[in-house]
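A.B. asks: Protein sequences appear in the order of chains A and B.
If you read the first sequence in numbering that gives the first Met the number 0, its first letter stands for residue 0, the second for the next number, and so on.
If you read the second sequence in numbering that gives the first Met the number 0, its first letter stands for residue 0, the second for the next number, and so on.
FYI, nobody ran anything at the bench for these hints, they're computed from the structure.
Careful: at least some of the hints might be erroneous.
What the hints assert, rightly or not - Taking lysine-lysine pairs in the PhoX-like style, the calculated list, with each CA pair at most 20 Å apart, reads:
| # | chain 1 | residue 1 | chain 2 | residue 2 |
| --- | --- | --- | --- | --- |
| 1 | A | Lys-344 | A | Lys-356 |
| 2 | A | Lys-17 | B | Lys-197 |
| 3 | A | Lys-46 | B | Lys-171 |
| 4 | B | Lys-48 | A | Lys-46 |
| 5 | A | Lys-22 | B | Lys-180 |
To be verified - A few chain B residues that don't get close to chain A, going by computed Cβ distances all over 12 Å:
| # | residue |
| --- | --- |
| 6 | Ile-25 |
| 7 | Lys-50 |
| 8 | Lys-145 |
| 9 | Glu-181 |
| 10 | Leu-187 |
Unchecked claim - Across the chosen pairs, the derived CB separations fall in these ranges:
| # | chain 1 | residue 1 | chain 2 | residue 2 | range |
| --- | --- | --- | --- | --- | --- |
| 11 | A | Ala-308 | B | Lys-180 | 46 to 54 Å |
| 12 | B | Glu-151 | A | Lys-195 | 53 to 61 Å |
| 13 | A | Thr-188 | B | Gly-53 | 41 to 49 Å |
| 14 | A | Pro-218 | B | Arg-167 | 22 to 30 Å |
| 15 | B | Val-248 | A | Glu-265 | 53 to 61 Å |
| 16 | A | Glu-21 | B | Thr-223 | 33 to 41 Å |
| 17 | A | Lys-195 | B | Asp-121 | 51 to 59 Å |
| 18 | B | Lys-50 | A | Lys-17 | 56 to 64 Å |
| 19 | A | Lys-309 | B | His-51 | 34 to 42 Å |
| 20 | A | Arg-266 | B | Leu-168 | 48 to 56 Å |
| 21 | A | Glu-9 | B | Glu-184 | 24 to 32 Å |
| 22 | B | Lys-180 | A | Lys-17 | 13 to 21 Å |
| 23 | A | Glu-116 | B | Gly-53 | 24 to 32 Å |
Glycine included, each C-beta is placed from N, C-alpha and C at the ideal position.
Listed below, chain by chain, are the residues.
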Amino acid sequence: MNYFLTEEQEMIKDLAAKIAREKVEPIAAEYDENEIFPNDIVEILAKSDLFRVFIPEEYEGMGGGVLEMCLVVEELSKACGGIALSYAGSALGTIPIMLFGSEEHKKKYLPKLAAGEILAAFALTEPDAGSDAAAIKTRATLENDHYVLNGTKQWITNGGEASIYTVIVLTDPNRGVRGTSAILVEKGTQGFDFGKKENKMGIRASATTELIFQDAKVPKENLLGREGAGFLIAMKTFDQSRPGVASQAVGIAQGALDKAVAYAHERHQFGKPISSFQGIQFMLADMATQVEAARALTYQAARIIDSGAKNIAKISCMAKVFASDVAMKVTTDAVQVFGGYGYMKEYPVEKMMRDAKITQIYEGTNQIQREVIALQLIREELRKKG
Amino acid sequence: MNIVVCIKQVPDTTNIKINPETNTLIRTGVESIINPFDMYALEEGIRLKEKHGGTVTALSMGPPQVEESLREAISLGIDDACLLSDRAFAGADTLATAYTLAAGIRKLGGADIILMGRQAIDGDTGQVGPGVAENLGITHVTDIRKIEQIDEDGTIIVERLLEDGYVRLKIKLPVLLTVVKEINEPRLPSLRGKLAAKKKEIVTWVEEDLEIDSERIGLVGSPTFVKKIFTPPKPSGGKIFQGDTREAVASLLEELKKAGITAGKKGSEDGNN
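Hey, can you work out the whole structure from these sequences and the hints?
C.D. replies: Structure (structure tokens):
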């Protein structure tokens with residue numbers, strides 16, 4: 000299939016696919032079972048320059064954009080959605096620095112992130128603030144030249160593993176979402192600790208932890224953008240990162256489809272390979288069609304974002320919703336094609352089904368995504384009417 | 000430190016098919032790769048350069064498409080690459096290949112260390128490495144599993160893999176070493192390396208570029224005659240002894256005794272053998 004990628008994008012895709020095939024796939028089941036964070040794979044990705052692909056050249060990147068990031072995430076996710084997340088989660092943490100960081104922030108962090116020497120993370124969710132992001136309670140109070148942070152963030156991807164965290168905090172509790180700000184916090188800051196590591200259904204090789212702030216002192220220069228822009232920074236970041244989740248979903252789905260096709264060809268019942276039965280054929284055909292459609296929408300969203308378009312929330316949400324729903328459906332069907340074997344941990348598809356589920360939930364539940372899409376539709380209609 | 004790594008492009012398959020008419024490999028539709036053993040040689044060459052400085056050059060002999068393999072070597076971190084490609088080189092056996100590669104290395108200005116894989120997965124002879132060393136008049140050691148150190152006085156300490164252990168050797172440079180897969184874990188290419196490889200000019204030398212005797216290259220210079228290549232027939236007629244282990248072992252020993260394979264001094268009756 001020709002996806003009209005440039006020569007350099009093909010190169011990125013091929014290299015990520017090689018790493019996925021040769022390095023990730025052989026360890027995926029073990030890292031999932033034992034919840035091992037893939038430091039070794041992160042090192043391989045770093046040496047291969049894959050952390051550079053979406054970072055501007057002036058900061059040691061290779062000047063690509065969201066599409067390049069998506070290609071890497073998709074290829075890695077074909078082998079393991081959890082291991083791919085160590086990369087995608089770092090991209091999520093890097094985006095706010097690229098979009099809203101000062102020249103100093105960029106010079107300080109982007110070259111190291113590009114080299115894969117350090118990982119980044121993004122922290123918004125709290126125990127009582129998920130979809131209702133404006134309900135966050137983590138406070139940052141300006142005291143002389145420092146912000147003092149107090150509160151707890153929850154379910155933070157790359158928690159404990161990342162060196163730099165973009166944390167959405169409340170700087171003015173009287174102003175609601177307009178009282179939120181984004182602050183960069185380095186690992187090792189006094190008063191900044193990591194809580195429990197979550198025991199998850201899927202993406203188990205990915206580290207998900209609490210971030211605990213107890214009078215953590217952060218220089219005021221670590222503020223991203225201006226005070227009060229926290230919610231906006233979070234939303235603009237998600238607009239760019241959601242195609243990453245979509246490509247994770249596409250990768251997981253493609254991985255499951257590939258396994259299902261191969262298995263259907265090998266597995267014999269009634270003296271024939273089960274791929275010769277229409278009941279299986281129609282399932283495989285639908286799975287393949289859905290994956291292709293999800294990929295098309297994901298690449299389209301990434302390309303629109305990379306073109307510099309302004310209103311990207313709608314297409315970005317569409318890609319995430321569609322691809323993640325496809326991933327859930329396709330992986331469930333892959334388990335069905337495998338039958339009883341599919342339900343067993345000795346075979347790879349049950350893990351893919353577990354990994355797929357999170358893509359419908361994180362970086363905004365699919366219900367919230369649909370709300371954003373609908374809101375945009377209504378706004379566009381109102382604008383038409385003037 | 001001047002390092003040369005000789006590589007060979009081979010078909011990427013363990014199920015190589017042979018044309019029964021010509022007794023040669025059927026290469027159509029088979030992707031070409033760098034001989035897997037040579038990947039360890041390339042990695043070791045890059046590591047030596049990273050540790051001791053100098054340059055590492057990849058050298059190969061073959062048709063023009065071998066350039067792709069040399070570009071792959073560049074993408075891994077090899078500095079320069081050189082291809083010996085001429086119709087006159089075609090059909091070379093190990094003798095002619097070793098002679099030609101040695102001429103290429105001489106033209107490159109020689110080397111302190113020449114690295115090669117222990118053998119190629121298509122021909123499986125393992126002769127070209129030692130052959131190159133003989134042509135250059137330098138020492139060679141095969142099956143290196145570790146390069147321990149290189150000293151200022153121009154000596155190198157290596158470990159050579161043996162069937163049941165290893166031998167540690169101290170050798171004077173220059174030396175040609177063929178490596179085994181235990182020596183390292185080859186790296187993957189980097190994107191920057193791949194981009195550099197795309198732009199890199201690969202030097203190609205033809206017969207006239209080398210100081211060689213045209214009677215000693217290619218098919219003309221190859222005394223090897225392949226009479227027949229075939230897949231040996233699978234051994235058949237085996238017998239499986241089933242059931243209770245003691246009884247099965249007893250009847251196996253009985254059969255072996257009958258066939259005169261075991262001396263059968265002690266019977267299997269006690270069941271403890």
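A.B. asks: Determine for every hint whether it applies to the structure shown.
C.D. replies: Hint check results:
1. Simply put, Lys-344/A and Lys-356/A have alpha-carbon atoms about 17 Å apart, close enough for the 20 Å limit, and the pair holds.
2. Our distance criterion of 20 Å between C-alpha atoms is met by Lys-17/A and Lys-197/B, whose separation comes to about 18 Å.
3. Taking the CA atoms of Lys-46/A and Lys-171/B, the gap is about 34 Å. The hint is violated against a cut of 20 Å.
4. For the suggested pair Lys-48/B and Lys-46/A, the alpha carbons sit about 17 Å apart, so the restraint of at most 20 Å is met.
5. Using a Cα cut-off of 20 Å, the hinted pair Lys-22/A and Lys-180/B holds, with the two alpha carbons roughly 17 Å apart.
6. The Cβ of Ile-25/B sits about 25 Å from the closest Cβ of chain A, beyond the 12 Å cut-off, so the non-interface label holds.
7. Against chain A, the non-interface label of Lys-50/B holds: every CB pair exceeds 12 Å, the least being about 17 Å.
8. The claim that Lys-145/B is not at the interface with chain A holds, since no C-beta of that chain comes within 12 Å of its own (minimum 22 Å).
9. Chain A leaves Glu-181/B outside its interface by the beta-carbon criterion, the shortest separation being 19 Å against a cut-off of 12 Å.
10. Interface exclusion of Leu-187/B from chain A breaks down, the closest Cβ pair being 6 Å apart, not more than 12 Å.
11. Checked against the given bound of 46 to 54 Å, the beta carbons of Ala-308/A and Lys-180/B, roughly 50 Å apart, stay inside it.
12. Under the hint 53 to 61 Å, the C-beta atoms of Glu-151/B and Lys-195/A, about 54 Å apart, fit the expected range.
13. Separated by about 44 Å at the C-beta atoms, Thr-188/A and Gly-53/B satisfy the suggested range of 41 to 49 Å.
14. Look at Pro-218/A against Arg-167/B: about 55 Å separates their beta carbons, and that is not inside 22 to 30 Å.
15. With their beta carbons about 36 Å apart, Val-248/B and Glu-265/A fall outside the hinted range of 53 to 61 Å.
16. Distance hint for Glu-21/A and Thr-223/B: a CB-CB separation of about 35 Å, consistent with the stated range 33 to 41 Å.
17. For Lys-195/A and Asp-121/B, the Cβ-Cβ distance of about 55 Å falls inside the hinted range of 51 to 59 Å, so the restraint holds.
18. Against the hinted window of 56 to 64 Å, the Cβ-Cβ separation of Lys-50/B and Lys-17/A comes to about 26 Å, which falls outside the hint.
19. Separated by about 54 Å at the C-beta atoms, Lys-309/A and His-51/B break the suggested range of 34 to 42 Å.
20. Taken as a hint, the range 48 to 56 Å holds for the pair Arg-266/A and Leu-168/B, whose Cβ atoms sit roughly 53 Å apart.
21. Between Glu-9/A and Glu-184/B the beta carbons are some 26 Å apart, a value that agrees with the proposed interval 24 to 32 Å.
22. Hint check: Lys-180/B to Lys-17/A, Cβ distance near 19 Å, so the stated range 13 to 21 Å holds.
23. At roughly 27 Å, the beta carbons of Glu-116/A and Gly-53/B sit within the given window of 24 to 32 Å.
This entry does not satisfy hints 3, 10, 14, 15, 18 and 19, going by the numbered hints stated previously.
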